[in-house]
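Taking the hints as your guide, dock the two standalone chains into a single complex.
For the record, the sequence lines run as chains S and E. Heads up, the first sequence is in numbering that gives the first Met the number 0, so the first residue is 0 and it goes up one at a time. Heads up, the second sequence is in numbering that gives the first Met the number 0, so the first residue is 0 and it goes up one at a time.
Stretch by stretch, here's where chain E covers chain S in the computed footprint (C-beta under 8 angstroms, at least three residues): (1) 352 to 365; (2) 381 to 389; (3) 402 to 410; (4) 416 to 429.
Simulated from the structure, these hints should not be mistaken for laboratory data. Note that beta-carbon positions come from the ideal geometry of N, C-alpha and C, so glycine has one too.
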Amino acid sequence: MKNLFKATTAFGLALSVAGPVFAAGDEIREITIFSRPQAAQPSEFQFVQLIAQEWRRLGLDVNIEVMPWEQMADIVWYNRDDWDTTGWQMVGRPERSDPDELIFNLFHTTTAPTGYNFIGYENPEYDAIVEAQRTETDIDARRDLIHRAQAILAADQPNLMLAHPQSTFAYDNTVWDPDSVIDQGGIGIRNTWTFINLEPLGDQRDVVLNSTDNVQGINPLWISGGTDSWITELIWDRLLRIGPDGLPQPWAAESYEWLDDSTVEIVLRDGMTWHDGEPVTVEDVVFSFEAAMGDEAPMYSPFVSNIADIEIVDDSTLQFHLNAPSAAFLTASLSKLNLIPQHIWAPVLEDLATRDEENAEDYQEEIPIGSGPFQFSSWLTNEEIVLEANQDHFSAPNVDRWILRIVPNTEASLGMLRSGEINFLSDYPGDPNILIEIAGEDGDLEVVSTVDMGFRYVAFNHRRPPFSDPAFRQALSMAINRDLIVGAAFRGFAVPSNSVISPALAFWHNDDVDEFETGVEVAQAILAEAGYEVIDGRLHYPDGVSETLGE
Amino acid sequence: MSGVKRFVSRLLQLVFVLWAVATILFLIFRLMPGSPLAAYIDPTFTEEQQRILMARFGLDRPLFEQYLIYLWNLLHGDLGESFFYRQPVGERVLMLLPNTLVLSLFSIILAYMIGVVGGAYLAWKRGSFVEGATIPFVLTTRAMPEFWLGMVLLAVFSFSLGWFPAGGMRTAGSEYPSLLALYTSGDFWRHLFLPALTLAIYFHGLPLLLMRSNMLDVMSEDFVTMARIKGLSNWTIVVRHAARNALLPVATSLAIAIGYQMQGSVVVETVFSWPGLGRELVRAVSASDYPLAQGAFLLIAVVVILMNLLADLLYGLLDPRISHA
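Just chain E, same shape as in the assembly (with noise of 0.2 angstroms):
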């Protein structure tokens, strides 16, 4: 299959990957019991306002038109307006999402680099007292709940030791003439450390466990065998050689963990008062406000699927033996 060929099929997918994502959305949300609009509309309106304010959200048209009209205005890249903030929802989305990815990407960061150098020890302490000692903890970390963790964080190091502050992106009232001076700002990181360890503690377990394992396949290969013939250093062969070939599969899964990354961003926003897109998504659907919940959800699926496709090339481009038939 050629290059072209191949980039358009996946494109198809996609684009199909979506619609489908999209129309579940819609239906879910619908089916929900009690209208929308019982936590709107102020019962003191007369039945004609309710009426207007109907037709303003076009809830008074019947189910299926209210679908082509969800896809058409989709298509447009128009999100809807949301019932309860009375704005557009691509805008509202659109200036969340910068601040869930900063907390995503660095704490997926930080779990790699836990996870990658861990797994790669481990697997050289491969029956050790240590690797004993870290594995079941490893396993626990992977099964706490999130917000649990991220309670315990916040009981300890701010609650009792008061080194990083409860909650929020910065300190009150502070103020920066630009999103990337907030974002390079000492305050801003003491903010940002805690929901990115829970983060990073929640997750590191996946790159680590998977370093671990391929680091034991390539150390039982011949080259690995052959370099320690040769009479070369520990560390020479388990860092030029051994970790250099099990990373690839780490690697590939760094994209798609990103997209998880996203998923766990819901819980630990609302424990950490993060302004992200995680937690407008949980207000959103608490609030039964459809347009807004769809719209997060639609584009942190947007942000998944992305990401499962740069995986996909990432594994060819980074491996050139594996194909694309």
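Pulled out of the complex, with its shape left as it was, chain S reads as follows (with noise of 0.2 angstroms):
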């Protein structure tokens, strides 16, 4: 009965198609948008809400899929041709600060398969503007470059781009010398800048900071938790860091020269030591590059994949040579790479090189060694961590200790704040607004809000029509008033944003980009131009143009 209910419905629905009446395609089916839950992800269920609701006047049938994490990154990252739209994310990594990464891997055709590109984007032109980019030395005409590919995002709209999210710290400023805290763009105080700068004002010289999640592990080869990275920044040096203005700059190397355009020389600084004592050589250096190109540490591999080989020239000099130019190569592997004590490292190596499935993830350090600006002091299981200055550091921090407590309760962390017990939030989930109000009633601390380098969006399915059409995208793009959106999910607390590079990275970001007209009629006036129709208020298919994927 069932059946026969379905045929006819179907035979209906082929007879008013082909009818002459009807000029337009089918209608469009039942898109669905996915969301995590409120109470994981407030913002993002907020702006999935006010989405749909805009989507919904422009004639389309929206249904909200709430789900947890897990599942959503299950379905949109390893079954590719199941889902039409979901809320996204990416986050602020000082790695980051190097265009390439975003502008490169979740766009280019290469990483649709199984890489970055999960949404299946795919523009020749776009991918040869974003491969010229990776191998241009000369920054202005890279600049160009990465301008240009911006603009064509622009145009094509791959992506329902949202906001740059700010990133809200606060310290005590009876304790620390305002002067002394450094923002670093598109990151927020929290930094290791910061840390190294810090200048006490009275006799309290240990910062004690917050952390919302336990640390899974301090070890410079296994990119764990977000919260292990900046540990890990502060136990182990690298040769090149990030700097403040978001580009790299010498650190344990003295000097770094381009010999030509696939060639690096590094000058090793003089005098550093391991926190055992011994020496810090050249030959420690290549090995911790060569740790990564091998297979015990999977994580950081990609980072090292452009390595042909590493040239010991004398005691303190060494020369990379690399498989093709790579302009990113300073930031991507250079200020990425920890440095790592060969005397300790080989001998665990060469171990677990002998076991097939462990690998240097899985081994932890007793104590930690590195010659980093903080050495390990204590690790107590999801209480604290305590690092102690390495007052030998050619860039010794002005604090005595580094301790860093794990507070999963938000409104707890506040509390210690105000009395004392830490006095740098390093981490807070909650609503800014509510910290800035403790702030004024307290009036011994300073809230820091900087625009971050990550940002929010919602992705477009290229795999699945309508979303293969850039004039839908657009449309379903154009619809959103982005203000709106920043007041109500984000509390004002985030800029509006068109571009996968964020205001913050103000060298790379493409302004051009930044003005667009938003609103219902606007998309409206796109939707029609390209031959899209509402019919009984639903929207349909330009002329010609049947639903493959309905019911």
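Right, dumping it as structure tokens:
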């Protein structure tokens, strides 16, 4: 009976499509948009509701599906044909200060099958430009290419870009000299430069900070949780470091020089020692990179895949020979890899090589040894991590100790900041307005908000019509007023976005793409021009286009 | 039934319950939506690297085979390796267990002290204004969510008055040579007080109401009337005669209460940033870290089961009239 009914409806539909009365194509099926739960991601939940509301006004039937991250990532990443649209985010990391990672990996055709281009965007012209910027070592010429890439994205609207949120942190300005706090572009005041530079005003010489999440591991060869990276950046040095301006600068390397477009010469800083007293040698540096080039540190291997070989010239000089010219090499490789002592890790890696399933990520040093500005002191599980200032370091910190408290309760961390149990609020997932209000009552607290290089957006699945049509994507994007989203979903603590390169990265960001008109009327005009039609309140494909994915 | 036989049968029951709990845990986590790997595998990984990691945790095998391996390892006391921390689960949960036990034990002692004395007093004051005012209050505390109560106590005694720290187990950067030195330090007790008070307020209703109703039963018995006739003082009657007899069921409920208290710690440890097993469990579940969540749950289950067994044995010991038939 049910089948018969279905057959009749199908027949009826076929008739109406074939009939001369309707010029338009099929009615567009119900489209879905994924969001994570309100409790976990309040901003995303909120903006997805607002967006669905606007899309419905265009005549679309929109279904919001709320699911936890594990499930969402599973569908979006591993079942790339099975979803329409989803709320998504990219987080800011120092090495993303170079535009290459975002502008290439997110949209290049080669990363579509299994990589970061999970939306399936394909544009040969775009591919050519982002390939060219990779090998362009003249920085101004490269900026031109990055700007052109952003212009193409603005026209194609592969994603519905929404906002760059602000990271908000706070500290006690009676304990720390405000002039010694460094605001790193796109990252905020919680950064390595601040921790090295912090100047105590009184007797409190320990910086005590908080993290809402536990520490997974303290391991120079494992990219684990976000909190873990604050620690690894302090214990281990890198050849270069991303400066507060977002550009790489010499660190453990005294200097670097491009000998040609695929050879970099590094001069190692003199007199560095590991935390156990042994000297840091060029052999250690080579060892550090070769460790990542081997099988035991898989998370670091993408960052060294372009290295053909490393040549030791003399006691303090070495040369990196690359497979292909790479403009991002300084940021993505030399500023990324931790320098590790050969005398400690060589036996560990040899032992791990004999075991198939385990790698360096499973190995936790009892006392991690690096050469960085802070050295390991103690780690109490789920309680705190204590690092001590390394007074022998070429950039020794002014504080005595760096103490990270694990505080899963956000309200409690605010109470601790006021009582002095912590004196630097380094992790605050709550409403920034509350923090500002509390700081106002307290009088001793300084709150700093910084535009992040990360961003929030809605991804379109280009594998599934109608999202394969640039005009359709453009209409859906233009229907959304970004200022409204910033105010309602981010409580004003974000800036509207139309580019994956944050305005925080002023050198690379293309200002021309920022201004555009939004509103339902704008969207309707784009749809009408592309041949979409609204019939009985529902949006239909252009003439002759049928729905291939409906039930 | 002989003592040995009884013991063996209890032991078999215990093993069966443990097996059932372990099996249910195994299934529950695998029925949750989404792949656990989505949370761990960095999207930049190649398929080959993902395959290796799947194999590493045995996730590429059929479910039934995974289950058998899990049981086999359990028999050897091996709880597996945490996806999230890349550490043996056993090591991790055993390290956190003492922190939870200290909090649970202290709060339960507090709850029972308030409960026993309060219950006896209210029974003695049966029908008075004090009883009328107190009982609804006790019932209210039983119904209050622990996280809410914890937040209120934090807001009052920590944020506003500043008498107690807002979380953790010790002052930042303080060092103790041993766990014992930590547990006996004043700093530790200052941190312990608010979470323990939260649990004690939440839990004191059970011993209080139990004690009160037992007292009322006992006080209507002949030997109490006899004591009154003898002209003994109220104090002697309540404390030496009635309360001693009313205490028996309360004492055995203590063992069971410790088990319940372990569950209460899940919430309270998160509110007070207490580094215990309960908080670890919450983190493990939200991160789909099956082995760690299973291990933490199982350990809590073991404590609950052992405490139930202890309650049974205690009952027989304290009151020989109770048979084990």
